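Asks: For this note's numbering, add 76 to where a residue sits in the sequence shown, where the first one is 1.
One should not assume that every hint holds.
BS3-like, lysine-lysine: derived pairs with alpha carbons at most 27 Å apart [what the hints assert, rightly or not]:
id: 1; residue 1: 376; residue 2: 119
id: 2; residue 1: 523; residue 2: 474
id: 3; residue 1: 474; residue 2: 376
id: 4; residue 1: 119; residue 2: 259
id: 5; residue 1: 461; residue 2: 474
Restraint-style ranges between C-beta atoms, simulated for each label pair [claimed, not checked]:
id: 6; residue 1: 517; residue 2: 84; range: 45 to 51 Å
id: 7; residue 1: 259; residue 2: 131; range: 21 to 27 Å
id: 8; residue 1: 84; residue 2: 140; range: 25 to 31 Å
id: 9; residue 1: 264; residue 2: 139; range: 24 to 30 Å
id: 10; residue 1: 184; residue 2: 84; range: 25 to 31 Å
id: 11; residue 1: 506; residue 2: 289; range: 23 to 29 Å
In case anyone wonders, no lab produced these hints; they're calculated from the structure.
Note that the coordinates shown come from a computational prediction; the quantities given were computed from them, not determined experimentally.
For each residue, glycine too, the CB sits at the ideal point set by N, CA and C.
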Amino acid sequence: MDKPGGESLPSFQELLAQAEQQHLTVQMGYMYRNSPAIEFCLKAVREGLLGNVSTIDAAMNRYDGEDFRQLMRTFQAGAAYIFLCHLIDLAVIMMGAPERVIPLSTCTRSDGVLDNGFAVMSFPGGCTASLRTTIVEVGGFERRNLVVCGDRGTLIVQPLELEGNQAGGRVFLNLLEARGGFKQGLQEIPQAPLKDRYADHLLEFARIVVGEIENPYSYAHELLVQKCHLQACGYDVEETLPEVNGLQRYQRANATLSPPSAGEVRVVFFGDSITNCWDLDVSFPGENYINRGIGGQNTKQMCARLTQDVLALQPSVVWFMGGTNDIAQGASCEDILDNVRFVVSRCRQAGIQVVLASLLPVSDYHQHKDFLRERRKLRPQNRIKEVNTGLSEIAASKGAIYLDLFSLLIDANDQMPADLADDGLHPNPKGYDCIAPYVKQALERAKSRCFK
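Starting from the given sequences, assemble the full structure and let the hints guide the process.
Replies: Structural data, given as C-alpha cells:
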C-alpha cells in the first residue's frame, strides 16, 4: 500500500484484520525499509553496536512549488501527513511502541498550509526521537538524514537520498571504542549503491507472496506505525497504543458467548494460523467447536490471551497447538516449552482436559515449479522434532493427551506431503481431512475424562 494508511485508524485496522483473516500479505510503502544504509543502521541498533540508544533525530525535507502546497492543503496535518510516516516507521522498528507522541505542525506563510511538520516521540528507557519534515527548505534533499545516538556510539546516515533516487545513503559511524569489527572514532562505512526507492522493496514483497521468506513487518507493526503517525499529525485517536497479543480479536465474540449449559462439554481450539484456518464445522459437523486461533502468533502471545480467549469461556476440553512461529522467529526450545507448559498448567488447574498437538512438519514443495518455498530454512525439521519431544513430556507430566500429528504427516523425504499443504506450512482441505479423524479420536478421549 502506498503511504500513509489513510486518515481513519479504525478503517485501517479493519483492513488489516480482514487481510490477516484471509492470510494476505500487507506491507506499507515506507521508502527507506530496503535502503542498504538504513539496513546497516537497524542492524547496528538491533545488535547493540551503539549501546543504549538515547536519541534519534531524522529529517525528510524538500522544496516544492505552489501546486504541491495546494495538495498539502487537503490534509489536516499538511506536509507531516505525507512524509513523517517514513521516519516514524524507522523509529518504531528501532525502539518499539512509544509511550508518548507529541505533534507540532506549523505554517510558515499566510495561506494556512501546514508546510512545516515536527513530532517528538518518547520511548521506554528514556529514548526520544525528533522527526522533522518541511516543503520549504532549499536543498532539502541533501539534508535528509538520520542520526542515532547511543552511549557507545553514534551513527549518521546523510544524505538519506539525493533527488533522483540513485545516490545518497552514506553512513558515518563514531564509536567510543573499537567494537563489532569497527575501529574507534569516526569512520565512513561503505554501502551498496542506493537503488530505486522501491525496487528492492517490491522484490522482497514478491518473495514473501511466493513463500520464500516471512514478512518482516507484522500486521501489528503496520497498525502501530499508522497509529503513531496519526498521533504525530495531531489526529484524534484513542490514547492507548495498539496491542500486539490479539486481545481485541475475539473480544466481541467472547462477550456474546453464553456460559456452557448444564451437561455441555464445550471444546475450544487454541493456536495460531493452522488453527485459525481450520473450518471446524466441516471437519466436525454438529459439534459447535469454538475456534480461537490467530494467524502469526507465537506461544508468548497465546499466553497473554489465554485467560480471555480460553479460560473465561469455561471449556471442558481445549485443543492446543503452538510453537511453529516461535521457531521461525528464533525462539529457543526452552522458551517455547515454558510457554506451552504455562498454558497446559493453567488449563489443568481449571479442571480442563487438554489435547496437546505436536507441531506439524513443513515442506519446500510448491505448486509453482518456478519458486521454492524455503519453509525448512525458517522451521528446520530437527527443531520441530526437538520441540515435539518436549511437548510429549509436558503432556505426560500434566495429565494431558499428546497427539502426534507430525508422524502422521511426514513423507519419505522428511517433509509434509505436497498434496496436503499448498504453501508447505498450512494444511489444505485435504490436509485437514487427513488429521481430523485422529483429532476427533483424541477429543473423544478427553471428553470421556470429563465424566469421571
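Asks: Is the straight-line distance between the alpha-carbon of residue 523 and that of residue 474 27 Å or less?
Replies: holds, 17 Å
Asks: Compare the distance between the alpha carbons of residue 376 and residue 119 with 27 Å, and conclude whether the hinted pair is satisfied.
Replies: holds, 24 Å
Asks: Please test the hint of 24 to 30 Å on the beta carbon pair from residue 264 and residue 139.
Replies: Hint holds: Cβ distance 27 Å, inside 24 to 30 Å.
Asks: Do residue 506 and residue 289 keep their Cβ atoms within the hinted range of 23 to 29 Å?
Replies: Holds, since residue 506 and residue 289 (Cβ atoms, about 26 Å apart) stay within the stated range.
Asks: With 21 to 27 Å as the target window, see if residue 259 and residue 131 comply at their CB atoms.
Replies: holds, 23 Å
Asks: Is residue 119 close enough to residue 259, meaning Cα to Cα at most 27 Å?
Replies: Holds - the C-alpha atoms of residue 259 and residue 119 are around 17 Å apart, at most 27 Å.
Asks: Quick one: are residue 84 and residue 140 within 25 to 31 Å, going by C-beta?
Replies: holds, 26 Å
Asks: Would you check the hint for residue 474 and residue 376, treating anything up to 27 Å between C-alpha atoms as holding?
Replies: Satisfied, since the Cα-Cα distance of roughly 19 Å is no more than 27 Å.
Asks: Within 45 to 51 Å or not, the Cβ separation of residue 517 and residue 84?
Replies: Cβ of residue 517 to Cβ of residue 84: about 48 Å, so the range 45 to 51 Å holds.
Asks: Do the beta carbons of residue 184 and residue 84 sit within 25 to 31 Å of each other?
Replies: At 28 Å between Cβs, range holds.
Asks: Is residue 461 within 27 Å of residue 474, Cα to Cα?
Replies: holds, 20 Å
Of the hints listed earlier, there is not a single one the structure fails to meet.
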